[in-house]
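Asks: What follows is the residue order along each chain.
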Amino acid sequence: GQQVMQIPQYQHVQEGEDFTTYCNSSTTLSNIQWYKQRPGGHPVFLIQLVKSGEVKKQKRLTFQFGEAKKNSSLHITATQTTDVGTYFCAGRRTGTYKYIFGTGTRLKVLA
Amino acid sequence: DVKVTQSSRYLVKRTGEKVFLECVQDMDHENMFWYRQDPGLGLRLIYFSYDVKMKEKGDIPEGYSVSREKKERFSLILESASTNQTSMYLCASSLGGTNEKLFFGSGTQLSVL
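Protein chains in written order, with this note's numbering: chain G, 1 to 111; chain E, 1 to 113.
Any given hint could be a false lead.
Unchecked claim - Reference listing, derived: stretches of chain G covered by chain E, where coverage requires no fewer than 3 residues with Cβ under 8 Å from a Cβ of chain E: (1) 53–59; (2) 88–95; (3) 98–104.
Derived by calculation from the structure, the hints in this document are not laboratory data. No experiment lies behind these values; they were computed from the predicted model shown. A virtual CB, placed ideally from N, CA and C, is assigned to each residue, including glycine.
Could you build all of it, start to finish, from the sequences and the hints given here?
Replies: Listed below in structure tokens is the structure:
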């Protein structure tokens, strides 16, 4: 069954508000990636985190990897309408090539 | 830019038919993957391949098989399509080694009637 859960499943925010999605794995991960899928599109790579406790920023996006390497979060500051889409985390199981995707969080931004 | 091309954007098949989904990447990537995407379930890994003629089962391989005869091409085969295989199928590739960024194709929406 699914071993990487994301919450929330849906989030509606007013433009300018912040947004956070959380990713939790039942097992320790080697690394974690984040992808964005626009409506009608395919997932596009955003970032990869490898180290325990790692924090990376891309403009208004902040990504964190937990100390135990079992959870991660993506935070968007001051959302814009261009942020609309579904955000997926994908964790790689230690010792395999397998990336297991989270269930995704669909973000809607109201102008 | 890496290009991952899936042969069909939409496909409609009958129950029991044998279905081939083709995926080609143009960047000499070592690893190729097949996922299916269903609402509320995210992307689930069906099969992946880390080298020519090498394949490994993902989390939901039942009812599917794959073929990788050439490095650039990874085919997903539904031996006898069933209605519960109606889904969006996404192919992805990655360079391999320490570069694990996945590049996705545009997807094939398969409907099995």
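Asks: If a hint holds in the structure, say so; if it doesn't, say that too.
Replies: Verification of the hints:
| no. | hint | result |
| --- | --- | --- |
| 1 | 53–59 | violated (count 0) |
| 2 | 88–95 | holds (count 3) |
| 3 | 98–104 | holds (count 7) |
Taken one by one, the earlier hints fail for this structure only at number 1.
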